[in-house]
Every structure is written in structure tokens, then in C-alpha cells.
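Please put together the full structure from these sequences, using the hints given.
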Amino acid sequence: MGRFLGIDLGTKRIGLAISDGLGATAQGLEVLERKNKEKDFSFLKDLIKKYNIDKIIVGIPLHKDGKFREYPYIINFIRDLEKRLGLPVELWDERFTTKEAEKVLLNAEMSRKKRKKVIDKISAQLILQSYLDYRRGRDGL
Numbered sequence: 001m002g003r004f005l006g007i008d009l010g011t012k013r014i015g016l017a018i019s020d021g022l023g024a025t026a027q028g029l030e031v032l033e034r035k036n037k038e039k040d041f042s043f044l045k046d047l048i049k050k051y052n053i054d055k056i057i058v059g060i061p062l063h064k065d066g067k068f069r070e071y072p073y074i075i076n077f078i079r080d081l082e083k084r085l086g087l088p089v090e091l092w093d094e095r096f097t098t099k100e101a102e103k104v105l106l107n108a109e110m111s112r113k114k115r116k117k118v119i120d121k122i123s124a125q126l127i128l129q130s131y132l133d134y135r136r137g138r139d140g141l
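Mapping the sequence shown onto this note's numbering, position 36 (from 1) lands on 36, and the numbers just tick up by one.
The set of hints was computed from the structure by calculation and includes no laboratory data. Keep in mind the model is a prediction, meaning the values are calculated, not measured. You may find that some hints are simply not true.
Claimed, not checked - Dumping the calculated DSS-like pairs for lysine-lysine here, alpha-carbon to alpha-carbon at most 27 Å:
no., residue 1, residue 2
1, LYS55, LYS113
2, LYS12, LYS117
3, LYS49, LYS99
4, LYS49, LYS113
5, LYS83, LYS37
6, LYS99, LYS114
7, LYS113, LYS99
8, LYS50, LYS39
9, LYS12, LYS113
10, LYS64, LYS83
11, LYS113, LYS83
12, LYS55, LYS117
13, LYS39, LYS117
14, LYS99, LYS67
15, LYS50, LYS103
16, LYS49, LYS12
17, LYS67, LYS45
18, LYS49, LYS103
19, LYS12, LYS99
20, LYS55, LYS83
21, LYS114, LYS39
22, LYS45, LYS103
23, LYS12, LYS45
24, LYS49, LYS37
25, LYS67, LYS49
26, LYS12, LYS35
27, LYS37, LYS50
28, LYS103, LYS117
29, LYS103, LYS37
30, LYS99, LYS83
31, LYS103, LYS113
32, LYS55, LYS12
33, LYS103, LYS12
Next up, the structure:
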């Protein structure tokens, strides 16, 4: 079984997290500073090969009522992910993950400067862990 890649997509940065080989736990991987589409996708393609990724989980912003907020950059990015990387992409509710990540980092007494560097990675980890927990419960793993 391959691994899952979790993505917290932003206009300036992409937070990345990866699952363990069993698909039980998520670990924050890194934050990709966005440059341009070609460089971003080249980086992701290399990452997918390196870690044997089978599926990509992208956090999407939902309203409190659960409806998707259609941001054009998210829609375009997801279409490009599927087309360029040839892997299944699943969308996952990312509501409150940034606030939760901020709380985790504040509890760790991390400086504002350091928090800014890692918050997207922690958000991606929370998105992916939420997906893995759901999947484990659904599949009875």
C-alpha cells in the first residue's frame, strides 16, 4: 500500500503532510513556497515518486453549513493535480484546521515568526489525519 499526501493549499504557500505506510498517522512534511505552476507541480511530482504516494487529499474550505466555497485557484489546482499527476484526488473539509494548528503551536510556545513558517504544514497534517481517522472508522481498520 502506498501513502497519502495531504495538502493545505494557499495562494502563497502549500502545506504538505504524508501518511505512514499503513495509512494510520499523518506527519507534517514541509511548506512549499509557491513560485509558479510548473515549479510547484515539478516539486509535487518528485515528492510523489520519492514517497510512493497513491492518493492526494486536498483540504477545501467549506462554509459552516457544509457547502463548498468555490475559489477559482482551488478548482484549477485540483484539476491540474489530477491531470498532471495522474493520481486520485479526494477533497476534504478543512474548516478550522488553521485555527487548530495555531492553537497547537501556541501551546508549544512557539514564536510568531516560527509559527508562520510551519502553520501550513501543521494544517496539512490535521487535514490528512482527519481523513485517515474517518477512513479507518469507515473501513473498520
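Comparing the hints with the structure gives:
Between LYS55 and LYS113 the CA atoms are separated by roughly 32 Å; this puts the pair beyond 27 Å, and the hint is violated. Under the criterion of a C-alpha separation no larger than 27 Å, the hint pairing LYS12 with LYS117 is consistent with the structure, at around 12 Å. For the hint linking LYS49 to LYS99, the alpha-carbon distance of about 31 Å lies beyond 27 Å, and the restraint is violated. Distance check on the hinted pair: LYS49 and LYS113 sit about 32 Å apart at the alpha-carbon level, beyond 27 Å; violated.
Using a Cα cut-off of 27 Å, the hinted pair LYS83 and LYS37 holds, with the two alpha carbons roughly 13 Å apart. The straight-line distance between the Cα atoms of LYS99 and LYS114 is roughly 16 Å, inside the 27 Å bound, and the hint therefore holds. For the hint pairing LYS113 with LYS99, the CA-to-CA distance comes to about 16 Å; that is within 27 Å, so the pair holds. For the hint pairing LYS50 with LYS39, the CA-to-CA distance comes to about 16 Å; that is within 27 Å, so the pair holds.
Restraint check: the Cα-Cα separation between LYS12 and LYS113 comes to about 16 Å, which is no more than 27 Å; the hinted pair holds. As the CA atoms of LYS64 and LYS83 are separated by approximately 30 Å, the hinted pair breaks the 27 Å bound. Between the alpha carbons of LYS113 and LYS83 the distance comes to roughly 36 Å, so the proposed pair goes past 27 Å and is violated. Annotation: proposed proximity of LYS55 to LYS117 holds, straight-line Cα distance about 25 Å (limit 27 Å).
The suggested pairing of LYS39 with LYS117 holds, with an alpha-carbon distance near 20 Å, which does not exceed 27 Å. A C-alpha spacing of about 19 Å is found between LYS99 and LYS67, which places the hinted pair at or below 27 Å, so the restraint holds. Distance restraint check for LYS50 and LYS103: the Cα-Cα separation of roughly 31 Å exceeds the 27 Å cut-off, and the hinted pair is therefore not satisfied. At roughly 24 Å between alpha-carbon atoms, LYS49 and LYS12 fall within 27 Å of each other, so this suggested pair holds.
Using a Cα cut-off of 27 Å, the hinted pair LYS67 and LYS45 is violated, with the two alpha carbons roughly 30 Å apart. Restraint check for LYS49 and LYS103: the C-alpha separation of about 33 Å exceeds 27 Å, so the hint is violated. About 18 Å separates the Cα atoms of LYS12 and LYS99, which keeps this hinted pair within 27 Å; it holds. The suggested pairing of LYS55 with LYS83 holds, with an alpha-carbon distance near 13 Å, which does not exceed 27 Å.
The straight-line distance between the Cα atoms of LYS114 and LYS39 is roughly 25 Å, inside the 27 Å bound, and the hint therefore holds. Between LYS45 and LYS103 the CA atoms are separated by roughly 32 Å; this puts the pair beyond 27 Å, and the hint is violated. For the suggested pair LYS12 and LYS45, the alpha carbons sit about 19 Å apart, so the restraint of at most 27 Å is met. In summary, the hint linking LYS49 to LYS37 is supported, as the alpha carbons are separated by about 18 Å, within the 27 Å threshold.
The hinted pair formed by LYS67 and LYS49 fails the criterion: a straight-line CA distance of about 33 Å is larger than 27 Å. Straight-line distance between C-alpha atoms of LYS12 and LYS35 comes to about 8 Å, which keeps the hinted pair within the 27 Å bound. Simply put, LYS37 and LYS50 have alpha-carbon atoms about 20 Å apart, close enough for the 27 Å limit, and the pair holds. Proximity of LYS103 to LYS117 is assessed by CA-CA distance (about 15 Å); at most 27 Å being required, the pair is judged to hold.
The straight-line distance between the Cα atoms of LYS103 and LYS37 is roughly 31 Å, outside the 27 Å bound, and the hint therefore fails. Distance hint between LYS99 and LYS83 is unfulfilled; the C-alpha atoms sit about 31 Å from each other, more than 27 Å. Of the pairs offered as hints, the one joining LYS103 and LYS113 holds, with about 15 Å between alpha carbons and a cut-off of 27 Å not exceeded. For the hint pairing LYS55 with LYS12, the CA-to-CA distance comes to about 23 Å; that is within 27 Å, so the pair holds.
The straight-line distance between the Cα atoms of LYS103 and LYS12 is roughly 22 Å, inside the 27 Å bound, and the hint therefore holds.
The structure does not agree with the numbered hints 1, 3, 4, 10, 11, 15, 17, 18, 22, 25, 29, 30 stated previously, though it agrees with the rest.
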